[in-house]
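Student: Residue numbers (full-length UniProt numbering): 1 to 288.
Source of the hints: derived by calculation from the structure; they are not laboratory data.
Treat the hints with caution; some may be incorrect.
To be verified - Cut-off 20 Å, straight-line C-alpha distance, at most; resulting in silico cross-link-like pairs (PhoX-like, lysine-lysine):
id	residue 1	residue 2
1	K210	K172
2	K78	K137
3	K137	K172
4	K172	K211
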Amino acid sequence: MGFRAWLRQVLRTIQEKVDHFLGRGVRPEDEPNISGDNGTGTGTGSGNEESPQSPKSCICQRPWVPRQPSPHLPETNKEFYVEQGVPLYRATLNGDREKLQQILNPYGRTLLCSSITGARETALHVAVEARQVAVVKELVGRMESGDLELQDGRGNTAFCVAAATGSVNIAKILMDENADLAFIRGAENRTPLYIAAVCGYPEMLRFLYKKFEPHIPCLHEEEQRGIFFACIRAGLFDLAIRMLEVLGDVLAWPPNDDEETALGILARTLSAFAGKSSTTLKTPIDMC
Numbered sequence: 001m002g003f004r005a006w007l008r009q010v011l012r013t014i015q016e017k018v019d020h021f022l023g024r025g026v027r028p029e030d031e032p033n034i035s036g037d038n039g040t041g042t043g044t045g046s047g048n049e050e051s052p053q054s055p056k057s058c059i060c061q062r063p064w065v066p067r068q069p070s071p072h073l074p075e076t077n078k079e080f081y082v083e084q085g086v087p088l089y090r091a092t093l094n095g096d097r098e099k100l101q102q103i104l105n106p107y108g109r110t111l112l113c114s115s116i117t118g119a120r121e122t123a124l125h126v127a128v129e130a131r132q133v134a135v136v137k138e139l140v141g142r143m144e145s146g147d148l149e150l151q152d153g154r155g156n157t158a159f160c161v162a163a164a165t166g167s168v169n170i171a172k173i174l175m176d177e178n179a180d181l182a183f184i185r186g187a188e189n190r191t192p193l194y195i196a197a198v199c200g201y202p203e204m205l206r207f208l209y210k211k212f213e214p215h216i217p218c219l220h221e222e223e224q225r226g227i228f229f230a231c232i233r234a235g236l237f238d239l240a241i242r243m244l245e246v247l248g249d250v251l252a253w254p255p256n257d258d259e260e261t262a263l264g265i266l267a268r269t270l271s272a273f274a275g276k277s278s279t280t281l282k283t284p285i286d287m288c
């Protein structure tokens, strides 16, 4: 048995034990036959499988045109910023929808497409970071689909902020309005999936992985490894197995930036898992 097959078997066995401990049955949606060859990794796939995409044609490598909020109120119109921008920021941050509506009604999208912080964030960025779900719904309902692609001073869309804060409910609200948001890169040219991985939110990682799965082969190797290692750390062994099926030795051998290997990360994860007593035992997902 080769290393890749051995690692895949180890991950699969661990996942089965975790599912058994939690009393979970088989989740068909989590076990697709990616390779179309019963797990051997050498088949050509079924007729329903998407054809491979080259990196240039893959949506996650598309050169999106950056969109910045305009105007930047703290600099361009300080009086208006003090009168409307600051109250808008506070109402958004505190989840005060009544005050929010009073401020926005006279101005429509103009105020929503302006940046209201020193970091060039829109009200939507602020609401998402504060995890104000009701306010996010209110703002999205007042904005056009393209407005959701506005980026802050670091290059993050509000969706990237949602990925970084782990709010799946907010991510769903944004994607219902603009599905492309999942593929628009943010700060340091990172995809929302990679952002969720490095920030350590298992639920968000699983949610975005399902959206990204057909495009995983198009990602940069650094991103692929980062996501793979994050899946192991979070106890999402089923996702790690699926990545191994598609990418194989690209993931199995190379170290990440911390000079770690998949085996090293797996060993620490299992050590933490085994260190819990029978009365307090938790999965790696619970420990994140």
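Student: Would you check the hint for K210 and K172, treating anything up to 20 Å between C-alpha atoms as holding?
Tutor: 13 Å, holds
Student: Does K172 sit within 20 Å of K137, going by the straight-line distance between their CA atoms?
Tutor: Roughly 11 Å between the alpha carbons, so the hint for K137 and K172 holds.
Student: Against the 20 Å threshold, does the CA-CA distance of K78 and K137 hold or violate the hint?
Tutor: 28 Å, violated
Student: Measure nothing beyond the straight line between the CA atoms of K172 and K211; if it is 20 Å or shorter, mark the hint as holding.
Tutor: Holds: K172 and K211 sit about 11 Å apart, inside 20 Å.
Against the hints set out earlier in the document, a violation occurs for number 2 only.
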